[in-house]
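Those sequence lines, one after another, are chains A and B.
Position one of the first sequence corresponds to residue 1 (this note's numbering), numbered consecutively onward.
Position one of the second sequence corresponds to residue 1 (this note's numbering), numbered consecutively onward.
Because the hints were derived from the structure by calculation, they are not lab data.
There may be inaccurate statements among the hints.
Below, a sample of chain A positions facing chain B; criterion: calculated Cβ distance under 8 Å [unchecked claim]:
#1 Thr43
#2 Thr90
#3 Ser93
#4 Lys238
Beta carbons are placed, not taken as given, at the ideal position from N, Cα and C, and that holds for glycine.
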Amino acid sequence: MAVIRTEAIALKGKDLGEADRLVTFFSRSSGKIRAVANGARRTRSNMSALVQPFTYSHLSIYQGSSLARVRSGEIIQGNLSLREDLLLMTASSYLAEMVDFLMEEDDPNEAVFALLLNSLAIFKERGVERILLRSFEIRLMSILGYRPRLENCVHCGAETKPGKGSAFFSVAQGGLKCPECVEESDREISWGTCQVLGRLLGTPWRQLFNLRVDSKMQKELESLLAEFIEYRSERRFKTLSFLQTLLEEPS
Amino acid sequence: MHYFARPIARLVGQLTKLPGIGPKTAQRLAFYILSGSQSAAKELAQAILEAKEKIKYCSRCCNLTEDDPCPICKDARRDGEVLCVVENPQDIVAMEKTGEFFGFYHVLHGSISPIDGIGPEELKIKELLNRLQDSSFKEVIVATDPNVEGEATALYLARILKPLGYRVTRIAHGLPIGGDLEYADEVTLGKALQGRKEI
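Work out the full structure, taking the sequences as your base and the hints as a guide.
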């Protein structure tokens with residue numbers, strides 16, 4: 001029996017009982033927490049806004065023997081604008097879905113918390129840009145230990161240097177392969193895409209927008225990372241297909 | 001080891017399938033039903049069966065109804081220029097209780113929730129678009145819940161209906177009547193300020 005006081009971002013929620021809501025938060029100090037917000041669906045509840053997805057708040061959570069309960073909270077950033085635009089809302093949901101699925105309960109990770117918080121802040125400021133989504137994906141996978149190996153062949157360790165022709169990426173082994181080790185199942189990608197992939201990991205957020213990525217590279221990156229993430233997580237994220245539809249529609 | 005006689009266990013099992021009913025509540029309900037008269041139990045079972053057999057979707061508004069079209073859709077006194085879109089049949093009851101709305105309704109039977117894999121195809125949006133064709137509606141009021149799923153649904157509807165020339169409006173967000181301002185959260189108060197009106 002303990003009371004946890006922490007900063008947290010609401011990821012998702014579902015209705016529970018008459019007027020409660022079971023909410024999944026990602027907190028700075030305790031990682032993913034599922035907690036019941038009693039009466040949060042009532043119009044007069046002071047918890048209604050607190051438990052809306054993407055709300056960043058200070059929370060006080062009572063961790064009992066069964067499900068945790070939200071005791072009280074104070075909003076730091078309501079992030080209302082992320083819920084007032086369909087594309088922003090869907091893109092934010094995609095980030096939330098990834099964090100929710102890939103993180104275990106009671107497994108705090110400051111880097112993931114900061115990544116999510118920063119990404120939502122940049123969405124609010126700049127809107128949804130594909131390069132931001134790709135950067136979030138690759139950074140999250142890297143924090144979780146799945147950083148793709150781009151400097152050496154994942155099979156023999158030989159140095160992989162950009163040259164003529166294409167590069168080959170092994171989704172199963174998680175990195176580039178030299179021409180000698182290439183197998184039929186490896187993906188052929190351009191060296192430009194490889195370089196962008198490396199830069200997505202090392203470039204500060206604000207400078208990401210200066211990266212020159214043409215539409216062919218964008219498509220290559222998008223499908224490569226989608227396959228890479230699906231292979232590692234063994235899941236196709238539900239939000240992704242709706243997000244792709246919205247991104248392809250003229251607004 | 002079986003704690004309950006088989007028919008009781010079966011009843012408890014069936015009740016547990018209902019939303020918001022856990023094993024303990026299911027047991028309590030089962031024993032309450034058993035403690036009542038034979039006729040009360042029969043009436044309950046018949047009410048469930050009758051509702052299941054007789055209730056269908058209204059072919060116009062997708063509300064649950066016994067007669068098709070439903071009484072609201074048949075009411076000629078209603079305003080044929082305004083259509084109110086709601087998530088669930090229960091929302092129609094809430095709207096009707098206000099006594100402030102005299103147009104027609106359309107029930108979506110859910111809301112868009114990408115994170116749960118619920119997209120526009122899972123809702124009665126196609127039926128809405130079919131209904132709007134060759135209709136006299138000029139305004140569509142989106143009265144979905146003021147949560148993230150409700151907002152997503154409202155934004156999606158605005159995106160597809162505005163280009164077709166309909167006036168798409170959203171019910172207001174704000175402070176509940178009788179509440180204290182100091183207890184209002186920042187988001188609700190902010191919305192209330194945005195939606196302020198001259199007095």
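Going down the list of hints, with the structure as the test:
{"no.": "1", "hint": "Thr43", "in the structure": "5 Å, holds"}
{"no.": "2", "hint": "Thr90", "in the structure": "5 Å, holds"}
{"no.": "3", "hint": "Ser93", "in the structure": "5 Å, holds"}
{"no.": "4", "hint": "Lys238", "in the structure": "4 Å, holds"}
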